[in-house]
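Visitor: Below, each chain spelled out in residue letters.
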Amino acid sequence: MAIENEVKLIGIWSSGFVTRVMIALNLKGVEYEFLPEDLSSKSELLLKSNPVYKQVPVLIHGGKSVCESLVIVQYIDQVWASSGPCILPADPYDRASVRFWAAYVHDKLTSQIRVLILKEDEKSKAEAEEQLFTALLLLEEAFVKCSKGKSFFGGDSIDLVDITLGSCINWLKAMEIITGTKFLDKTKTPRLAEWAERFCSAEAAKEVLPEAEKLVEYIKFLRAGNRAAAVSSSK
Amino acid sequence: MDEEVKLLGSWLSPMSRRVEVGLKLKGVSFEFSDLDVFFSKPPELLQYNPVHKKIPVLIHHGKPIAESLIILEYIDETWADSGIRLLPKDPYERAMARFWAKFFDDKCSLPLWMSCWTEGDKQQQILAESKLNLTTMEGALKGKKFFGGDEIGIVDIIVFCSVYWAEIAQEVVGVNVINEEKHPVLCKWMKETVDSNVLKDYMPPREKLFCHFQTYKDAIAALMTARFGSN
Chain A
791 MAIENEVKLI GIWSSGFVTR VMIALNLKGV EYEFLPEDLS SKSELLLKSN PVYKQVPVLI
851 HGGKSVCESL VIVQYIDQVW ASSGPCILPA DPYDRASVRF WAAYVHDKLT SQIRVLILKE
911 DEKSKAEAEE QLFTALLLLE EAFVKCSKGK SFFGGDSIDL VDITLGSCIN WLKAMEIITG
971 TKFLDKTKTP RLAEWAERFC SAEAAKEVLP EAEKLVEYIK FLRAGNRAAA VSSSK
Chain B
15 MDEEVKLLGS WLSPMSRRVE VGLKLKGVSF EFSDLDVFFS KPPELLQYNP VHKKIPVLIH
75 HGKPIAESLI ILEYIDETWA DSGIRLLPKD PYERAMARFW AKFFDDKCSL PLWMSCWTEG
135 DKQQQILAES KLNLTTMEGA LKGKKFFGGD EIGIVDIIVF CSVYWAEIAQ EVVGVNVINE
195 EKHPVLCKWM KETVDSNVLK DYMPPREKLF CHFQTYKDAI AALMTARFGS N
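Read top to bottom, the protein sequences are chains A and B.
The numbering of the first sequence is the working numbering, which starts it at 791 and goes up by one.
The numbering of the second sequence is the working numbering, which starts it at 15 and goes up by one.
Since the hints were made in silico from the structure, they are not lab data.
Cross-link-like lysine-lysine pairs, in silico, BS3-like; alpha carbons within 30 Å at most:
id, chain 1, residue 1, chain 2, residue 2
1, B, Lys67, A, Lys898
2, A, Lys909, B, Lys68
3, B, Lys103, A, Lys818
4, B, Lys196, B, Lys159
Build the full structure now, drawing on both the sequences and the hints.
Guide: As structure tokens, this is what we get:
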């Protein structure tokens, strides 16, 4: 591949934000080099290409770096517009609607998942669970409206909302295993539960979604690290 | 296309002002519905933005669009051939504009505002955060005249509105949040933006905003603490 077209992705296997980018690249049939990162000892490349946040994912295309998962996915959709399905629809109102729900998932769901993973106190966890259920109920309604009876939020094909919410599915499944609470519940959010199964089997997603069982182990590791940090900072 | 454009907003909100500016820069006529949102949630707001219950909301042909950055992109795409470009055409430059707009909203706009309305240790903490993040924001200017390059764009609009509001608030409360010593690049950009284009003409009159902040100083501080916490 000529250097101006080289595509690299700096990421880690477990991050839902990185998964979003991988799914988008797969949808567009873009070949890329995955550069696994060690966040406990950040590489020169990461620090240079994402000096603001020093976080993954970072897409490097033709030597230029793009950061923040939703920015990257929209960039991919624009650059490879003629390949694969549209990740955002053509109509401006529909695009605004897709951006709205993607931002909703990004701002509301991921923060609650983070609380559930890292907070130890029952009150915070209970509040996070309640907020999560409220969000999922709203997303169930949104799915019915957006999908118009078809398989995905994007209709026949996966769109930005599918990608953003889809990257959370296995994290929710991992939390289900740990807590025993069913988040994607067929009785409460039947359409969303069915959509989740379809998304996990989709060609662009199935190879790159981190397995729920592996995430369970990873969460235990994160919690242990968090406890150790709390102990050492209170000495 | 210009018909049936309504903006639910508030003259007091810089988020609402961003959208007004976007519409005006595109030459779009619209009806402005100035809502009192600081002490209540008007029914119109609950109807058109049931998820977040916040202004601004743009209503076009009866369909609502919420969240100021999303509205600005909608305006740019819907009236693509009118007025200035709010976002660049080039995919990489577009990505950069989105990145910095989000960075400003996530890391700068609230600390900048809150630093005017808090006190003591809390204020010192927020001032430090604000200074750090605004310095990072200055990096986005990188020798350019505007955040948008040679012309103003979406990032210039949103930063200008917030800084305009903060400069007036800081005068009322006697706190120095933005000054040439701390943020030379930002202040230079602010001066350039004021001198060279229409943005300042789209702001509320300085005296009106100053008067409002002065009159309701304590109420605003209490509301901000209640809404955003004191920890």
